[in-house]
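Novice: Just so you know, the sequences run in chain order U and Y. Counting in this note's numbering, the first sequence runs from 1 upward without gaps. Counting in this note's numbering, the second sequence runs from 116 upward without gaps.
Source of the hints: derived by calculation from the structure; they are not laboratory data. A portion of the hints provided could be inaccurate.
[What the hints assert, rightly or not] Below, in silico cross-link-like pairs of lysine-lysine (DSS-like), each with a Cα-Cα straight-line distance of 27 Å or less:
#  : chain 1 : residue 1 : chain 2 : residue 2
1  : Y       : K185      : U       : K62
2  : Y       : K217      : U       : K62
3  : U       : K83       : U       : K15
4  : U       : K83       : U       : K44
5  : U       : K78       : Y       : K170
6  : U       : K44       : U       : K71
7  : Y       : K217      : Y       : K188
8  : U       : K15       : U       : K44
9  : Y       : K188      : U       : K44
10 : U       : K15       : U       : K62
11 : U       : K78       : U       : K11
12 : Y       : K170      : U       : K11
13 : U       : K71       : Y       : K185
14 : U       : K62       : U       : K11
15 : U       : K83       : Y       : K185
16 : Y       : K185      : Y       : K217
17 : U       : K78       : U       : K15
18 : Y       : K188      : Y       : K170
19 : U       : K44       : U       : K62
20 : Y       : K217      : Y       : K170
21 : Y       : K185      : U       : K11
22 : Y       : K170      : Y       : K193
23 : Y       : K185      : Y       : K170
24 : U       : K11       : U       : K44
Listed below are the residues making up each chain.
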Amino acid sequence: EAGVAQSPRYKIIEKRQSVAFWCNPISGHATLYWYQQILGQGPKLLIQFQNNGVVDDSQLPKDRFSAERLKGVDSTLKIQPAKLEDSAVYLCASSFRNGRVNEQFFGPGTRLTVL
Amino acid sequence: AQTVTQSQPEMSVQEAETVTLSCTYDTSESDYYLFWYKQPPSRQMILVIRQEAYKQQNATENRFSVNFQKAAKSFSLKISDSQLGDAAMYFCAYRSSPRNEKLTFGTGTRLTIIP
């Protein structure tokens with residue numbers, strides 16, 4: 001079974017530029033998550049999708065961050081314009097609802113550096 | 116809001132020895148889940164072990180076991196017979212209920228294995 005795919009693995013941009021990250025979850029996983037992991041910290045949930053609907057985006061900085069999952073499969077996270085504090089690893093995860101505990105499977109992440 | 120605290124930024128252990136990583140959490144809920152994730156340099160988060168709060172028995176997965184103290188809100192991870200491949204960041208995570216899939220992570224413990 002293929003895992004969660006993310007691209008690119010690395011991205012370096014200047015502040016005020018735009019950037020987009022792509023995630024393809026495990027086939028059949030209805031729930032998709034985007035996490036932000038700043039150096040030295042644990043991942044923080046930015047947004048959670050159930051199919052193509054948003055379940056939780058309470059910690060997404062909506063003035064600059066946006067995310068979509070139009071067909072309920074792959075997803076794109078965009079930052080426009082980027083700030084220095086957006087430098088982080090962006091992790092995508094997916095899960096399949098099967099019982100009480102739905103394990104989240106993580107992708108390799110995209111490391112963003114904003115200069 | 117739930118918080119997860121890992122008070123050991125770094126730990127080291129001799130190969131083949133046993134090490135215990137600490138985690139405490141704060142919650143007012145009675146039904147929740149606790150997890151330990153491993154993040155190697157490749158950045159991909161891997162689930163090590165999970166514990167459901169309603170289960171009194173401590174979870175065990177091969178060389179990994181937990182000491183779950185619900186009253187004390189403590190959830191430590193014991194790694195027996197440490198191997199070089201165990202070197203990684205270890206994150207403790209909390210999830211509040213079967214319906215709420217949001218994970219709250221601690222700040223992590225970097226584990227070094229000394230050959």
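Novice: Find the hints from earlier in the document that the structure breaks and name them by number, from lowest to highest.
Specialist: Numbers 1, 5, 12, 13, 15 and 21 - these are the hints that the structure violates, sorted from lowest upward.
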